[in-house]
Amino acid sequence: MESLHPRIRILWVAQTAIMAIVLGAVFVAIDRWITAVPTAGLVGVVAVALVLGAAYAIRLYQVWQFELQPDALYLERGVITFVETAVPFVRVQHVDTQFGPIERALGLSSVVVYTAGSRNADVRIPGLPPNRARDLQDTLRQLAVESEADDAV
Amino acid sequence: MNRLHPFSAFTYAIQYGLLWLWIPVFLVIGLAGVFEPVSMAWLPFGALLGFLLGAAYGVVYYYRFGYAVTPDTFDVASGVFARRSREIPYRRIQNVDVRQGVFQRLLGLAVVTIETAGGGSSEAALSFVSKSEADRLQHQIRRRTAQVNGRSETPSTEPTEGEAPRERAESGEPTEPSEVDAEAEREAPSESSESEVPAPTEPDEAGRPPAERRPAPSTDRRPEPQRKRLFALESRELLLYSLTTLRPAAIAAVGFVFFLATDSILEVLLTISQPFGGPEDLATGDAQSYGVLTVVSAINGIVITYLVSVAYTFATYYDFQLGRVGDDFVYERGLLQRYSGSIPVEKVQSVTVTDNPLQRAIEYAGLWVETAGYGPDSSGGSQSAVPLARTAHVHRFTETLTGVETPKFESPPPLARRRYLVRYSLIAAVVVGIVFAIAHVTPLERWYLAAIVFAAVPPAAHLRYVHLGYYVGEDHLVIRRGFWRRRTTVIPYYRIQTVTTRRSIFQRRLGLASLVVDTASSRTFFWATPTIYDVDLEDARDTHRTGRKRLQSALRERARADDVGFSVDFT
Chain A
1 MESLHPRIRI LWVAQTAIMA IVLGAVFVAI DRWITAVPTA GLVGVVAVAL
51 VLGAAYAIRL YQVWQFELQP DALYLERGVI TFVETAVPFV RVQHVDTQFG
101 PIERALGLSS VVVYTAGSRN ADVRIPGLPP NRARDLQDTL RQLAVESEAD
151 DAV
Chain B
1 MNRLHPFSAF TYAIQYGLLW LWIPVFLVIG LAGVFEPVSM AWLPFGALLG
51 FLLGAAYGVV YYYRFGYAVT PDTFDVASGV FARRSREIPY RRIQNVDVRQ
101 GVFQRLLGLA VVTIETAGGG SSEAALSFVS KSEADRLQHQ IRRRTAQVNG
151 RSETPSTEPT EGEAPRERAE SGEPTEPSEV DAEAEREAPS ESSESEVPAP
201 TEPDEAGRPP AERRPAPSTD RRPEPQRKRL FALESRELLL YSLTTLRPAA
251 IAAVGFVFFL ATDSILEVLL TISQPFGGPE DLATGDAQSY GVLTVVSAIN
301 GIVITYLVSV AYTFATYYDF QLGRVGDDFV YERGLLQRYS GSIPVEKVQS
351 VTVTDNPLQR AIEYAGLWVE TAGYGPDSSG GSQSAVPLAR TAHVHRFTET
401 LTGVETPKFE SPPPLARRRY LVRYSLIAAV VVGIVFAIAH VTPLERWYLA
451 AIVFAAVPPA AHLRYVHLGY YVGEDHLVIR RGFWRRRTTV IPYYRIQTVT
501 TRRSIFQRRL GLASLVVDTA SSRTFFWATP TIYDVDLEDA RDTHRTGRKR
551 LQSALRERAR ADDVGFSVDF T
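Here the protein sequences line up with chains A and B, keeping their order.
So the first sequence is numbered by full-length UniProt numbering: it starts at 1 and just counts up by one.
So the second sequence is numbered by full-length UniProt numbering: it starts at 1 and just counts up by one.
Careful, some of the hints might be misleading.
What the hints assert, rightly or not - To list a few chain A residues with every Cβ distance to chain B over 12 Å, as calculated: (1) Q15; (2) I18; (3) A72; (4) P88; (5) P101; (6) S118.
Stated by the list, open to error - Just the calculated beta-carbon pair ranges, DEER-fashion: (7) A:I102 with B:F314: 29 to 39 Å; (8) B:R86 with A:I102: 53 to 63 Å; (9) A:G100 with B:E363: 49 to 59 Å; (10) B:A456 with A:V37: 46 to 56 Å; (11) A:T35 with B:E445: 44 to 54 Å; (12) B:G277 with A:L42: 51 to 61 Å; (13) B:Y448 with A:V37: 28 to 38 Å.
Treat the hints as calculated values from the structure; they're not laboratory data.
Glycine included, each C-beta is placed from N, C-alpha and C at the ideal position.
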């Protein structure tokens with residue numbers, strides 16, 4: 001089983017921090033225009049959100065694993081709900097590598113695997129070093145082509 | 001490139017005219033407040049100008065819209081300023097639907113929509129073409145799709161068969177339409193004659209009458225697959241179906257009407273409730289008369305919603321017929337708005353048997369097939385193959401259609417029932433909490449009577465539990481779930497897209513897991529992805545592995561055996 005790059009934690013913690021700041025801003029807005037919110041409570045809620053978010057991010061990193069098995073891409077992830085997904089290579093429609101601005105700043109990319117399914121139709125593996133992401137994309141593409149089925153939808 | 005029916009120019013002109021009319025109206029209203037020289041008196045002229053411009057755009061849109069049936073693709077080119085030309089390979093077409101509303105039927109027009117697996121909406125919509133042209137298109141596309149698929153399955157004949165249509169197209173368009181028109185004319189009368197065939201009169205218990213074969217047209221130059229009837233909804237079944245189905249659309253419709261005319265409807269409800277002790281008007285009244293009003297109005301609302309639902313189902317499924325042409329299912333239905341569609345059998349992803357408590361009580365059920373396209377209904381890619389028939393028949397149809405053996409369902413462990421008990425208790429607690437909150441802001445007393453909802457918790461949990469079941473078959477996975485609308489989905493292993501085992505924090509404590517088996521059928525609000533809920537983790541893992549393994553072996557087998565996997569003659 002392969003883990004994600006450790007720097008993904010920074011990305012996830014940063015995302016939580018942004019959420020916490022937005023939450024704080026909402027509280028400040030409520031405080032100014034609607035009703036008084038005690039400052040201690042405000043700081044407390046934001047701090048708790050930040051801590052929970054950071055713990056969640058770290059736990060998610062510990063849980064996140066993926067593997068190329070003989071017939072399928074296999075992934076394990078999830079903190080609250082633990083999810084194990086198998087994406088058979090035959091079902092891969094196309095593979096993308098993507099990265100957002102924060103990911104790029106951290107030197108990370110994501111690989112997104114698309115299937116024709118209705119749920120989990122796009123499976124994303126975040127937090128890979130760009131080289132590994134490209135590698136994985138190539139491998140998946142080759143495996144998908146090799147195992148192509150003739151019953152495409 | 002063919003054009004739409006000339007009447008479309010008129011409808012597009014009206015449509016765009018009415019749309020564009022608002023642009024100058026808003027401009028004038030907006031500018032009149034800001035600039036002195038602009039006056040509100042310009043409004044009618046601005047509106048007229050907008051309408052005329054819009055109408056002109058509509059007419060131009062009509063002239064710039066073209067479609068063509070080419071040997072390999074169905075082409076649509078559209079757009080006035082930004083042009084879009086789209087080529088849809090026949091191989092990718094999921095279904096072709098023809099829809100006729102009331103006015104369109106009076107004028108002999110129809111809307112043709114073509115669905116593929118991708119995208120969030122129809123890939124091509126032709127509104128309007130004449131009915132005969134619609135039938136011709138449906139027929140043509142069906143034939144060419146069958147041809148393309150036939151070619152792909154027998155690679156040895158590819159060059160010769162592949163060349164033939166291409167040459168014909170290159171040698172000149174003129175030969176194609178005339179030949180096609182002849183076919184369409186031949187097809188059209190024979191189809192109408194078929195719809196006049198009286199419904200078989202034998203009672204249903206005796207089983208289906210043998211499918212009737214339509215006499216082949218004598219002047220058939222090309223060996224054309226014949227249309228064969230698989231199922232027709234009889235009046236008894238139609239009535240039962242209408243009476244036992246409650247459509248969410250009806251609730252929405254009644255709610256919408258109520259929203260539009262709230263005051264007058266409240267007045268009517270008030271008048272109705274007065275004989276039973278309702279209040280004189282909405283402002284005066286005590287707790288008891290308000291209670292009477294509420295109860296009477298609720299009964300009224302339920303009855304009216306039910307009647308609307310019955311009427312809607314009746315009109316939608318009136319004269320439902322399912323048939324086959326070659327390897328395609330074709331269906332027709334509708335009283336006011338007529339639908340007809342075709343589904344290539346190799347595009348069928350899974351098959352679902354549905355029933356609700358009422359239908360179970362009278363031992364009837366329905367059969368749906370799921371494709372990856374978007375159907376004419378809100379039901380996504382689900383098409384009703386048999387809206388309602390005796391459960392025994394539906395089971396037989398399902399077994400013939402998919403080749404699945406009679407499933408021996410396994411239940412989740414009793415632990416799961418405990419989970420639902422807890423879950424529904426929480427919901428009941430929330431309900432009591434809400435009533436408590438209401439009691440605090442209104443004169444409502446005795447809020448604690450709401451605790452009676454807890455009485456519903458054990459039966460609800462039990463009913464949910466007993467209707468869960470799954471069967472890991474030789475070539476199929478069968479998943480049953482739901483009480484109000486129970487669905488038993490048969491998924492051939494080779495249709496599996498992804499397999500996912502999910503364990504929430506609560507499930508992990510109990511050692512349970514849910515298995516989500518995804519296929520390429522469209523997801524919709526009402527048709528969630530088939531899921532085996534709350535089985536032992538070991539069983540979930542086993543099924544997960546089995547699904548993956550059988551997917552691979554089934555695909556290998558299919559590559560060798562050249563098998564569609566569904567048998568078209570299933571009734």
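Status of the hints after comparison with the structure:
Every CB of chain B lies more than 12 Å from the CB of Q15 of chain A, the least distance being 22 Å, so the non-interface label holds. I18 of chain A, annotated as away from the interface, keeps every beta carbon of chain B farther than 12 Å; the closest lies near 25 Å. Against the 12 Å criterion, A72 of chain A falls within the reach of chain B, whose nearest CB is about 6 Å from its own CB. With 12 Å as the threshold on Cβ separation, the claim that P88 of chain A sits away from chain B is violated: the shortest Cβ distance comes to roughly 6 Å.
The Cβ of P101 of chain A lies farther than 12 Å from every Cβ of chain B, with a closest approach of about 27 Å, so its non-interface assignment holds. For S118 of chain A, the requirement that its beta carbon stay farther than 12 Å from each beta carbon of chain B is not met, with the minimum near 4 Å. At roughly 56 Å, the beta-carbon separation of I102 of chain A and F314 of chain B lies outside the given 29 to 39 Å, and the hint is violated. With their beta carbons about 37 Å apart, R86 of chain B and I102 of chain A fall outside the hinted range of 53 to 63 Å.
About 56 Å separates the C-beta atoms of G100 of chain A and E363 of chain B, a value consistent with the hinted range of 49 to 59 Å. Here the CB-CB span from A456 of chain B to V37 of chain A is close to 40 Å, at odds with the stated 46 to 56 Å. Remark: the range hint 44 to 54 Å for T35 of chain A to E445 of chain B is contradicted by a beta-carbon distance near 30 Å. About 53 Å separates the C-beta atoms of G277 of chain B and L42 of chain A, a value consistent with the hinted range of 51 to 61 Å.
Checked against the hint of 28 to 38 Å, the C-beta distance between Y448 of chain B and V37 of chain A comes to roughly 34 Å, which is consistent with it.
The earlier numbered hints that this structure contradicts are 3, 4, 6, 7, 8, 10, 11.
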